[in-house]
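Taken in order, these protein sequences are the chains called X and D.
Numbering-wise, the numbering used here puts 38 at position 38 of the first sequence, and it's gapless, one number per residue.
Numbering-wise, the numbering used here puts 135 at position 135 of the second sequence, and it's gapless, one number per residue.
Treat the hints with caution; some may be incorrect.
Same chains, same label: a pair holds when it works inside one copy or across any pair of copies.
[Said to hold, decoys possible] Here are the computed lysine-lysine pairs in the DSS-like style, where the Cα-Cα straight-line distance is at most 30 angstroms:
no. : residue 1 : residue 2
1   : 154       : 177
2   : 115       : 104
3   : 154       : 100
4   : 51        : 154
5   : 115       : 100
6   : 176       : 100
7   : 179       : 164
These aren't lab readings, by the way, just hints derived from the structure by calculation.
These numbers come from a predicted model, not from an experiment.
2 protein chains.
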Amino acid sequence: MQFDVTILGSNGAVAAHNRYPSSQIVNYNGRHFMVDCGEGSQFRMNTFGVKWSKLDHIFISHLHGDHYYGLIGLLTTFNLHWRETELNIYCPPPLEEIIKLNFKHSKTELRYQIKFRHTRAEGTETIYEDELLSIHTFPLLHRLPTTGFLFKEKQHHRKIIPSKIEEYQIPYELIKKIKRGEDFVLPTGHIISNAELTTAPSPPRSYAYCSDTSFSIETVNYVSGVNLLYHEATFMEEHAVRAAETYHTTSVQAAQVAEQAKAGQLLLGHFSARYDNLEPLAKESQSIFPNSHLAVEGKTFQVV
Amino acid sequence: MQFDVTILGSNGAVAAHNRYPSSQIVNYNGRHFMVDCGEGSQFRMNTFGVKWSKLDHIFISHLHGDHYYGLIGLLTTFNLHWRETELNIYCPPPLEEIIKLNFKHSKTELRYQIKFRHTRAEGTETIYEDELLSIHTFPLLHRLPTTGFLFKEKQHHRKIIPSKIEEYQIPYELIKKIKRGEDFVLPTGHIISNAELTTAPSPPRSYAYCSDTSFSIETVNYVSGVNLLYHEATFMEEHAVRAAETYHTTSVQAAQVAEQAKAGQLLLGHFSARYDNLEPLAKESQSIFPNSHLAVEGKTFQVV
Numbered sequence: 001m002q003f004d005v006t007i008l009g010s011n012g013a014v015a016a017h018n019r020y021p022s023s024q025i026v027n028y029n030g031r032h033f034m035v036d037c038g039e040g041s042q043f044r045m046n047t048f049g050v051k052w053s054k055l056d057h058i059f060i061s062h063l064h065g066d067h068y069y070g071l072i073g074l075l076t077t078f079n080l081h082w083r084e085t086e087l088n089i090y091c092p093p094p095l096e097e098i099i100k101l102n103f104k105h106s107k108t109e110l111r112y113q114i115k116f117r118h119t120r121a122e123g124t125e126t127i128y129e130d131e132l133l134s135i136h137t138f139p140l141l142h143r144l145p146t147t148g149f150l151f152k153e154k155q156h157h158r159k160i161i162p163s164k165i166e167e168y169q170i171p172y173e174l175i176k177k178i179k180r181g182e183d184f185v186l187p188t189g190h191i192i193s194n195a196e197l198t199t200a201p202s203p204p205r206s207y208a209y210c211s212d213t214s215f216s217i218e219t220v221n222y223v224s225g226v227n228l229l230y231h232e233a234t235f236m237e238e239h240a241v242r243a244a245e246t247y248h249t250t251s252v253q254a255a256q257v258a259e260q261a262k263a264g265q266l267l268l269g270h271f272s273a274r275y276d277n278l279e280p281l282a283k284e285s286q287s288i289f290p291n292s293h294l295a296v297e298g299k300t301f302q303v304v
Numbered sequence: 001m002q003f004d005v006t007i008l009g010s011n012g013a014v015a016a017h018n019r020y021p022s023s024q025i026v027n028y029n030g031r032h033f034m035v036d037c038g039e040g041s042q043f044r045m046n047t048f049g050v051k052w053s054k055l056d057h058i059f060i061s062h063l064h065g066d067h068y069y070g071l072i073g074l075l076t077t078f079n080l081h082w083r084e085t086e087l088n089i090y091c092p093p094p095l096e097e098i099i100k101l102n103f104k105h106s107k108t109e110l111r112y113q114i115k116f117r118h119t120r121a122e123g124t125e126t127i128y129e130d131e132l133l134s135i136h137t138f139p140l141l142h143r144l145p146t147t148g149f150l151f152k153e154k155q156h157h158r159k160i161i162p163s164k165i166e167e168y169q170i171p172y173e174l175i176k177k178i179k180r181g182e183d184f185v186l187p188t189g190h191i192i193s194n195a196e197l198t199t200a201p202s203p204p205r206s207y208a209y210c211s212d213t214s215f216s217i218e219t220v221n222y223v224s225g226v227n228l229l230y231h232e233a234t235f236m237e238e239h240a241v242r243a244a245e246t247y248h249t250t251s252v253q254a255a256q257v258a259e260q261a262k263a264g265q266l267l268l269g270h271f272s273a274r275y276d277n278l279e280p281l282a283k284e285s286q287s288i289f290p291n292s293h294l295a296v297e298g299k300t301f302q303v304v
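Input sequences plus hints: build the corresponding full structure.
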């Protein structure tokens, strides 16, 4: 099952060095989920060949402009592209008012419905669920109410061993039940145990998005054991004071969160415009958490 | 005196083919005036090396998103760049409400003042004036209240002939008066006529911006005799019906406006996303008005 993250923008508040503000596409099994939508995200989708038609869910972490200024343009372009499919936006409540005010004054009548689902920056909430995946918010520590997002794959069914179907002449209609753990009873009454018929499924994978936030040990609990962790790393450790003042994180702190959460892999993002070369941030993080990588725009990272 | 126009974006509503939505910088004598501010305009300023510090006046023609969605991001970036100089925004009244709502919810306290000057899409109005230049609105024919903008250089003073200053020993304090047309009286009482002392100044130049608009013969009156005319040409003539339906113009119609207005030069812009290659639009326009050019992004056009 495809589960990956494509970075559209990974810069901080001021766009610089050809890096764009925050936005990314989580692709789960061909379904696209956008997380944050800074200015120009629609251009980045074009540049990186992300399909518009697969995107029905957009998640906005908070209302600093570098995380949502591209949304109104994207919604307008959807309309001009004759979109008719419902779109779901998960966001802090005031964003609905902002979007509606823009459309009121441009006399825009959308061809598609937008369903706003308001997020809360206290506690955790399940905001999306289908048969394969659930998505949850958790609070981050920033100057505005801000949520992180946790994408959790559901436990897959057991895998049936193809040769066993033939061996025991298992009828098609029983396969689903066996995948769910049932044994198979032969016409003779003899029981073939599930363990003989199936193998264990791969463990469910998860991805967490944490931006923007101060360094917070609370975060570790929310993202514990994720396979892939995107964590902001606005500053190098030498600017730890500036990071604290602005409710941002250093690359060392991001690595500490990843290490303590026992994450599989760390993606660093939301870089300050002061850094043209980002390699030192990666190196600093790798010194604590070796499997750290820069969220390079246009790159796709597997959740494994 | 420098008087030119740099194109930041010249595409229509849907960004495509690496072309950005409407925005341009009119540079008069080192002062930058931005006309329209589609999404990504701040990135285009970076790409084309347009100086942020010279920009104190922004003009928004109307409230379709491709003409203003980049403004909120630009204002935010100004703030993050520690701007303190007052900024003037000339726009339809609701834009003030939209901007203020965004800043309210992001708890943004700007370090600089914004002075909103509301435009009206009826009649003409002088909205800016300094010692060298005046800027005027005029109505366009679109689905929303829309104004064009006319930049008019003021008549320069006559030029004094340097050798005459020495010949007649003209005192420094009289030069200003002579430039304004006064004669010079010699100590003997003999009058030296202004015509002998000065040459005529260059005729004042003008630039007009017309986007978005239906083809309208009224426009001809407002832009009569301009040196440079930017006129939208969203469609080829074969799509004249679509142009009329959507209150846009074809390249042939844009050429007709330029021809009838006796403009010096025509810049075509606001291209539909359906055209990858724009040369046919230029050719169509040139068949009626030979001095027609495509508003290529990043290019600077002189007002001469």
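Taking the hints in turn, this is what the structure says about them:
no.: 1; hint: 154 <-> 177; in the structure: within (17 angstroms within a copy, 85 angstroms between copies)
no.: 2; hint: 115 <-> 104; in the structure: both (17 angstroms within a copy, 23 angstroms between copies)
no.: 3; hint: 154 <-> 100; in the structure: neither (35 angstroms within a copy, 43 angstroms between copies)
no.: 4; hint: 51 <-> 154; in the structure: within (25 angstroms within a copy, 51 angstroms between copies)
no.: 5; hint: 115 <-> 100; in the structure: both (12 angstroms within a copy, 24 angstroms between copies)
no.: 6; hint: 176 <-> 100; in the structure: neither (46 angstroms within a copy, 56 angstroms between copies)
no.: 7; hint: 179 <-> 164; in the structure: within (12 angstroms within a copy, 103 angstroms between copies)
Checked against the numbered hints above, the structure breaks hints 3 and 6 and satisfies the rest.
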